[in-house]
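Take these sequences, add in the hints, and give me the full structure.
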Amino acid sequence: MKKTNRFSHLYTALIFAFLFAPIAILVVFSFNEAKSLSVFSRASVKWYRELFRDSVTLASLKNTLILAVAASLISTVMGTAAAVGINKLRRKWLSAAMDTVTNIPMVNPDIITGISLMLMFVFVGRFFGLATSLSFWTMLIAHITFCLPYVILQVLPKLRQMDPSLPEAAMDLGCTPMRAFFKAELPEIMPGVITGLIMAFTLSLDDFVISYFTQGNGFQTLPIRIYNMTKKTVTPKMYALATIIFFVILTLLLVTNLIGDEDAAPKKRKTRR
Amino acid sequence: MKKFAAILISLCLLLSLAACGGSGTAGSSGSAAPKRLTLNVYNWGEYISDGSEDSMDVVREFETWYEENYGTPVRVNYDTYASNEDMYAKLKSGAVSYDVVIPSDYMIARMIDEDMLLPLDWGNIPNSEFVSDDFKSLYYDPDNVYSIPYTYGVVGVIYDANIVDEADAQGWDLMWNDKYAGNILQFNNPRDAFGTAMYKLGIDVNTTDPADWQRALDELTAQRPLVKSWVMDEIYNMMESGEAAIGAYYAGDYFTMLDAQADSVDLRFYYPDPTNYFVDAMCIPASCQNKELAEAFINYMLSEEPAIANAEYIYYASPNRLVYENEEYIEEMGEEAIEILYPGLENFQEAYNAYAYRNLDPETLDRLNTLWETLKIS
Amino acid sequence: MSRAEKRQTAAAMQRAALAPYTVWAVVFIVVPLFFIAYYAFTDDNFAFTTRHIVRFFTATSEVVTDAGAVREVRTYLLIFFRSLKLAVISTIICLLMGYPFAYLISRASDRAQKTMITLIMVPMWMNFLIRTYAWMTILQDTGLINSLFGALRLPTVHIIGTEGAVVIGMVYDYLPYMILPIYSVMAKMDVKLLEAARDLGCSSAGVLRRVVLPLSMPGVISGITMVLIPSISTFYISQKLGNGKFYLIGDAIESQYAANNLHFAAAIAFIFMVILLAGMALMRRLTGQRIYGGA
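Residue numbers (this note's numbering), protein chains in the order written: chain A, 1 to 273; chain B, 274 to 651; chain C, 652 to 946.
These are computed hints drawn from the structure, not numbers from a lab. Be careful, since some hints might not be right.
[Said to hold, decoys possible] In silico BS3-like links for lysine-lysine, alpha-carbon gap of 25 Å or less:
hint, chain 1, residue 1, chain 2, residue 2
1, A, Lys231, B, Lys452
2, B, Lys452, B, Lys473
3, C, Lys896, B, Lys452
4, B, Lys308, B, Lys409
5, A, Lys183, C, Lys843
6, A, Lys183, C, Lys839
7, A, Lys231, A, Lys46
8, A, Lys183, C, Lys657
9, B, Lys564, B, Lys365
10, C, Lys843, C, Lys765
11, C, Lys657, A, Lys88
12, C, Lys896, A, Lys231
13, A, Lys88, A, Lys183
14, A, Lys183, C, Lys765
15, A, Lys88, C, Lys736
16, C, Lys765, C, Lys839
17, C, Lys736, C, Lys839
18, C, Lys896, B, Lys473
19, B, Lys564, B, Lys308
In structure tokens, the structure reads:
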């Protein structure tokens, strides 16, 4: 028993080390004096100072976050509802069609999704005689579209894993169908919903190709901004930004864990055997 | 549910962090009685002095200047692109309208061909007289109707003097020298890569002769075993850290690498002959919503302070007399930089028209691409 | 409401829940599809042609290896299979690394689970380009690993520019997408089933094989789908970590787009999409599991 514990701890640690190695590089080089991402000259906080004066980058960060939050929330709600519906489909052809259609955004390379959506928006825009067919909303639509398959793909296995008698029991005990869903089904599939949400958020945060083709005037997101910097050079300023984001998230993690603790304590006492 | 709430709180906190950093698109605030104008500018990334590292924030300054001089508040939406092709795709599709765009020469030629640009009203751009005549009437805009140059540059070879012998550092041969196998970098885009081979062989880079293209391919195939990496922006990292010792890139970018090079690396630069010349110029797309405002912006960019600030920030050469004749600018850049950036060509127009990339016809473009694939997939 | 009525209402409501997504899918997935198909099957003058489609399958190149040998290859088929190969290798490694990891996390305490799951996603919130640059700094010949080896007087390793580097980059980017779905299914696995199996005499390995594996299969299929499919069209990682030496299907589409050959780019994408969708449908048939479909 002891051996497996040590091995499992080692293995987990190794995987985390792998996942966080580049982050360590990021943090270190954000304090680089030189404008380089590969040669460390001296320690300096100059890029942090630069970052806070760079209102364009900060604005693009804000845009990215707004977009990511909106896209992930909407796609999670719509995706979860869709998963519930798909799970109940009886007709084979409909099920297969749904399957295929949902796969498409995941199958297509970003550039194709981006261009095809752009062309469609232009087509609609021309119909309404607009000079600019793209805006925050077209970008949001695009983001929701590529997030949906991932959400559905997270929630469906949980639905299939769930014991169908649970919501039925709830209904038998007096719940309306709606209530039964929220009280019995949703908590069971919650891990899938949460991971779907996190994935959607991540995908939206990182996308630049599709964003580029669906953005309107004046709403640049961070990935686009960084990608467009590469014609010249990406400076450690971006590393500084990434470092700040990283530490903010880390702090939030600790905070939410503390909230979670108060939650977990009474539960633990109950399930003690 | 608690977890959900926690996540939401975290996201809100993140948002507020970003918000306190200020909004990049805030123009003049308050309830201005005159309606606020909007100007949509489309430019390369990192291609304007934007206020970082104590430089002038040209876009903000323009907004202030315009309001002071014309009484109307202006908001500039400044968007960027990473390549001419990306910009072309957006504009061609009609998806977005921009008022000012700054493409490269061959792309301007294509856009003029396809009626995507508007003729400029020089009456509204008096500062255009400060642009040297050397840069007017170039091949892509021979009658000087649609564009006014913004920057120009020449491709050169960058090498690490600690690894490369001085005697070898000449011409394009250095990039094919097998003494330095595994230390050479080549452009990771078809036009530029084939360009280097064609300049080396003395072939016209705009040739339509398939045999010429094949010769260039053979040359690149011979070079391939020596190439460490095919690069675009990675060249900075690789040259600075000494990962590679030889590569071709633009003069201004050499200085960026020079600034950041590792202690073990000693970067030098030279121009082979012939080499590629490029010009990026300001234009007004056909989808422009406010032509006079656009022209005012272009005029502003050509005025002394912004032009110098841009030239210093971007580190590329400026065709604007107000810049290259300005003593403070010359001093700020330093002797070596001025010498390299402004090579003092006898007849720039002649060299440029002979060696710059032109818009290739679809068949040749397709051939170039197919040959590039052949090169890359073996 | 009677029991039967409730059940019916519930079922009807659940099917209705599909409505918003159906509308969305038709407008934003199917319609753009027509644009792709439209471009794929027309030429520059927008007249119908199958020229581009045919080109994908029949285009050949006379490829010259560094050694001087010349051979003829089917250009785009070769590129496709190379992309597929790298994607499959990366997916398998992701699975081998991710599966035990997901299992170990699911056995940890509630609090540890929550923390670890978020920690896994955190690297993905660092911008994609930045992460890749950081990997370059680690893997380069003058990078961190080699600096470390040099300090320890070990011989230097050449990682960057090899397929290995590209696989490392791809595994790194997609590992969380493998771990999360598997974990999500394992987390709610009934512990009693495992205990029962052990009580009935199963060894640890047996429990794993006969109970855990089958139960976690939906998550595994999910994970494989989310890693394999997008990674075939990867191109940025192969450019940066592969030193531009691996020309993949993503690069091919990029190239054609940059060369203003939007029609051919669309054709490549169209064929690519059909192949993958067909492949997924086939996998569905064979494994008897629907990727999205209901029970």
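Going through the hints against the structure:
Restraint check for Lys231 of chain A and Lys452 of chain B: not satisfied, since their Cα atoms lie roughly 30 Å apart, outside the 25 Å limit. Restraint check: the Cα-Cα separation between Lys452 of chain B and Lys473 of chain B comes to about 18 Å, which is no more than 25 Å; the hinted pair holds. Between Lys896 of chain C and Lys452 of chain B the CA atoms are separated by roughly 21 Å; this keeps the pair inside 25 Å, and the hint holds. Restraint check: the Cα-Cα separation between Lys308 of chain B and Lys409 of chain B comes to about 37 Å, which exceeds 25 Å; the hinted pair is violated.
Taking the CA atoms of Lys183 of chain A and Lys843 of chain C, the gap is near 24 Å; set against the 25 Å cutoff, the hint holds. Proposed proximity of Lys183 of chain A and Lys839 of chain C is supported: the alpha carbons are some 17 Å apart, at most 25 Å. The straight-line distance between the Cα atoms of Lys231 of chain A and Lys46 of chain A is roughly 22 Å, inside the 25 Å bound, and the hint therefore holds. Our distance criterion of 25 Å between C-alpha atoms is met by Lys183 of chain A and Lys657 of chain C, whose separation comes to about 15 Å.
With a C-alpha separation of about 19 Å, the suggested pair Lys564 of chain B and Lys365 of chain B falls inside the 25 Å cut-off, and the hint holds. Of the pairs offered as hints, the one joining Lys843 of chain C and Lys765 of chain C holds, with about 22 Å between alpha carbons and a cut-off of 25 Å not exceeded. A distance of roughly 15 Å separates the Cα atoms of Lys657 of chain C and Lys88 of chain A; the hinted pair therefore holds under the 25 Å criterion. A hinted pair counts as satisfied when its Cα atoms are at most 25 Å apart, and Lys896 of chain C with Lys231 of chain A qualifies at roughly 20 Å.
Pair hint Lys88 of chain A plus Lys183 of chain A holds up; C-alpha atoms about 19 Å apart against a cutoff of 25 Å. Our distance criterion of 25 Å between C-alpha atoms is met by Lys183 of chain A and Lys765 of chain C, whose separation comes to about 22 Å. Distance hint between Lys88 of chain A and Lys736 of chain C is unfulfilled; the C-alpha atoms sit about 36 Å from each other, more than 25 Å. Between Lys765 of chain C and Lys839 of chain C the CA atoms are separated by roughly 14 Å; this keeps the pair inside 25 Å, and the hint holds.
With a CA separation close to 34 Å, the supplied pair Lys736 of chain C and Lys839 of chain C exceeds the 25 Å bound. For the hint pairing Lys896 of chain C with Lys473 of chain B, the CA-to-CA distance comes to about 23 Å; that is within 25 Å, so the pair holds. Between Lys564 of chain B and Lys308 of chain B the alpha-carbon distance is near 17 Å, which keeps this suggested pair within the 25 Å criterion.
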